[in-house]
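Chemist: Listed below, chain by chain, are the residues.
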Amino acid sequence: MVRVSPAAPVLAALALAGLLSGCASIEPWVKPYERERLADPIMNFSRDSLAARHNEHVREVREGARGANGVQGGGCGCN
Amino acid sequence: MPLPARTALATLARPTAALRRWLVGAALAITVPLAGSAPGGTAPDFTLRTMDGKNLRLQEQRGQVVLVNFWATWCGPCREEMPHLNKLYDKYRSSGFVLLGVNVDDDPRNAMAVAQKWGVRFPVLPDADKKVSRLYDLRAMPSTVLIDRDGRVRYVHLGYRDGYELTYDKQIRELLKE
Amino acid sequence: MAATDAWRRIARRVAGLFGSLLASNAGHAATLPEDKAEAMYHIYEGGGLKAEGPALLVRKSLGDRISVSGSYYVDAVTNASIDVVTTASPFKETRKAYDLGLDYLVRDSVVSVSAYNSSEPDYDASSVSLGVSQEMFGGMTTVTLGYTRASDKVLKKGAPEFSDRARHWQYRVGVTQILTPRWLASLNFEAISDDGFLGSPYRSAREFGAPVPERLPRTRTSRAVKLRAVGDIGARQAVRGEYRYFWDTWDIKAHTVEAGYSRYFGDEWLVDGFARWHSQDRALFYSDNATTSTRYLSRSRQLGTFSDFGMGLKATWTARTVPGQYVLKLHGAYEFVRYKFKDFTDVRTGQPYAYDASILQLFVSATF
Chain H
1 MVRVSPAAPV
11 LAALALAGLL
21 SGCASIEPWV
31 KPYERERLAD
41 PIMNFSRDSL
51 AARHNEHVRE
61 VREGARGANG
71 VQGGGCGCN
Chain L
1 MPLPARTALA
11 TLARPTAALR
21 RWLVGAALAI
31 TVPLAGSAPG
41 GTAPDFTLRT
51 MDGKNLRLQE
61 QRGQVVLVNF
71 WATWCGPCRE
81 EMPHLNKLYD
91 KYRSSGFVLL
101 GVNVDDDPRN
111 AMAVAQKWGV
121 RFPVLPDADK
131 KVSRLYDLRA
141 MPSTVLIDRD
151 GRVRYVHLGY
161 RDGYELTYDK
171 QIRELLKE
Chain C
1 MAATDAWRRI
11 ARRVAGLFGS
21 LLASNAGHAA
31 TLPEDKAEAM
41 YHIYEGGGLK
51 AEGPALLVRK
61 SLGDRISVSG
71 SYYVDAVTNA
81 SIDVVTTASP
91 FKETRKAYDL
101 GLDYLVRDSV
111 VSVSAYNSSE
121 PDYDASSVSL
131 GVSQEMFGGM
141 TTVTLGYTRA
151 SDKVLKKGAP
161 EFSDRARHWQ
171 YRVGVTQILT
181 PRWLASLNFE
191 AISDDGFLGS
201 PYRSAREFGA
211 PVPERLPRTR
221 TSRAVKLRAV
231 GDIGARQAVR
241 GEYRYFWDTW
251 DIKAHTVEAG
261 YSRYFGDEWL
271 VDGFARWHSQ
281 DRALFYSDNA
291 TTSTRYLSRS
301 RQLGTFSDFG
311 MGLKATWTAR
321 TVPGQYVLKL
331 HGAYEFVRYK
341 FKDFTDVRTG
351 QPYAYDASIL
361 QLFVSATF
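Residue numbers (our numbering), protein chains in the order written: chain H, 1 to 79; chain L, 1 to 178; chain C, 1 to 368.
The hints are simulated quantities; they were obtained by calculation from the structure and are not laboratory data.
It is possible that part of the hints are untrue.
Which bits of chain L does chain H cover? Going by a derived footprint, with three or more residues having C-beta under 8 Å, they are [what the hints assert, rightly or not]: (1) 68-79; (2) 114-125; (3) 132-139.
Bear in mind that the values here come from a model prediction, so they are computed numbers and not experimental data.
Every residue, glycine too, gets a C-beta built ideally from N, C-alpha and C.
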């Protein structure tokens with residue numbers, strides 16, 4: 001069985017993110033003034049954090065699987 | 001941990017210091033160009049229609065100092081900025097200062113209603129088809145552009161943070177003195 | 001131990017790379033979450049277990065750069081579940097949890113630090129978390145990193161000589177990407193490592209038909225990857241979908257799929273609906289009734305082969321809007337879940353066990 005180091009995807013994502021941050025030559029195709037729909041609360045995966053935490057707790061206790069629920073970005077992108 | 005995995009982890013981890021320096025260097029070396037509304041260039045002319053049907057053209061404001069603020073109802077920092085822009089409008093409007101609020105909402109009627117609720121006193125111009133936003137190549141919401149009496153873009157502010165209004169005040173005074 | 005040494009090295013590298021992400025400045029900044037206060041009452045009822053209680057959350061920004069948050073959560077549990085009823089007698093217990101968090105805006109990043117504690121008579125868990133969220137690429141991409149270090153103390157009611165520990169390390173990385181003005185997607189990865197007493201001191205397994213105390217490994221490493229997307233489909237509606245794949249060193253493999261729909265009605269109402277399906281394969285050492293003697297053995301049904309299907313509905317009513325000041329909303333959410341076990345027998349009936357659960361959340365929220 002091939003053992004992939006758990007750190008490898010983390011470090012790869014970080015390196016990719018760092019490289020992307022330097023890519024000013026590729027123009028963002030969604031402009032800041034076009035983000036009206038994305039700023040709407042219904043585009044947020046977990047808009048009510050207490051409820052989301054409760055759901056996650058209920059599932060984690062009853063199921064063998066856990067994790068990857070994540071914090072999300074997107075939104076209005078202001079400032 | 002088996003040897004190949006350990007070696008892979010070590011090679012990924014060891015050049016981190018060098019990798020880190022490269023990331024910082026590369027990213028900091030990038031300067032954000034302000035095409036379209038570059039300071040020093042002539043402010044692109046536009047004509048927008050106010051809610052009462054009157055046309056307002058930027059070129060007709062030559063001879064006055066113009067602050068164009070691009071805002072939207074869905075933008076939190078825009079709302080924070082409004083009271084400060086109101087104050088600046090009241091303070092300098094009789095000294096040859098024009099403040100235009102260009103709104104980029106998809107629904108201009110809702111935007112006007114919200115502007116009223118927020119107590120906006122300066123003219124609000126809807127740019128629902130985003131023509132003016134594209135013309136000025138906005139890089140952030142909100143964006144504030146300061147144009148001098150000769151129609152040249154002098155200052156561009158991306159976003160809004162506490163204290164920006166003090167900078168606006170200083171820059172408006174400076175441009176009014178010219 | 002080699003595994004924990006490797007993890008400590010990784011933690012230091014991740015911490016170092018946090019620093020480099022903070023330093024890189026792509027010209028776009030970020031905003032802090034908005035101020036709010038929420039009060040909720042939650043009820044879970046299913047399989048003979050009832051857990052209910054209040055929960056509170058407060059978040060306030062101090063100036064332009066800092067946002068602090070605190071939450072408090074109570075679970076009053078009445079446990080008459082199948083494990084309890086078939087091996088002991090029903091009991092009542094209360095669990096209290098609280099957490100405090102700080103978010104700090106540094107140029108383009110939001111750095112988050114938080115501390116958490118959960119305590120009940122026989123289990124005390126504490127953790128500290130660190131996270132960084134960075135916007136880049138014109139604000140279209142958000143990268144988040146997270147690290148949590150947790151430490152638990154396990155006791156046993158009626159057995160004061162029993163005392164054990166468990167430690168956990170969690171590593172999270174996620175990327176959210178805006179695809180179009182109406183669609184965004186995110187990919188999250190999380191690796192969790194556990195060390196110590198990972199079971200329940202009350203649970204028993206079955207070996208050759210007779211109850212024996214369960215024997216769980218003292219380490220576990222799990223990984224999960226989740227892909228999700230949400231899109232605005234016009235007329236003030238949105239749809240979302242997500243898929244998670246989970247795998248760990250106990251040989252559990254799980255798939256979770258969820259689909260949701262949201263829609264505004266008028267100015268005051270928002271309705272969300274979702275359906276979720278989860279299916280998993282058993283742990284290597286899981287057995288309903290072991291017929292061979294193995295080093296590790298467990299009959300914990302959470303580690304068995306089962307699937308569950310849930311559907312939920314949530315309604316939000318905007319009670320009051322004072323523009324520029326606050327928005328007050330009332331919410332009610334209900335979820336119904338059906339659990340079906342393939343290799344866990346209900347000893348009362350001799351059939352594979354199945355049960356239904358209901359989850360109700362009623363809460364009021366005020367955003368400022």
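Chemist: Can you confirm whether chain H covers the stretch 114-125 of chain L, using C-beta to C-beta distances below 8 Å and requiring at least three such residues?
Modeler: The restraint on the stretch 114-125 of chain L is violated, since only 0 of its residues have a Cβ under 8 Å from chain H and three are required.
Chemist: Quick check: the stretch 132-139 of chain L, covered by chain H? Criterion 3+ residues, Cβ under 8 Å.
Modeler: That given contact holds, which follows from 4 residues of the stretch 132-139 of chain L lying within Cβ reach (below 8 Å) of chain H.
Chemist: Within the assertion that chain H covers the stretch 68-79 of chain L, do at least three residues meet a Cβ-to-Cβ distance smaller than 8 Å?
Modeler: With 7 residues closer than 8 Å to chain H, the stretch 68-79 of chain L meets the three-residue bar; holds.
Hint 2 alone, counting from the list given before, is not met by this structure.
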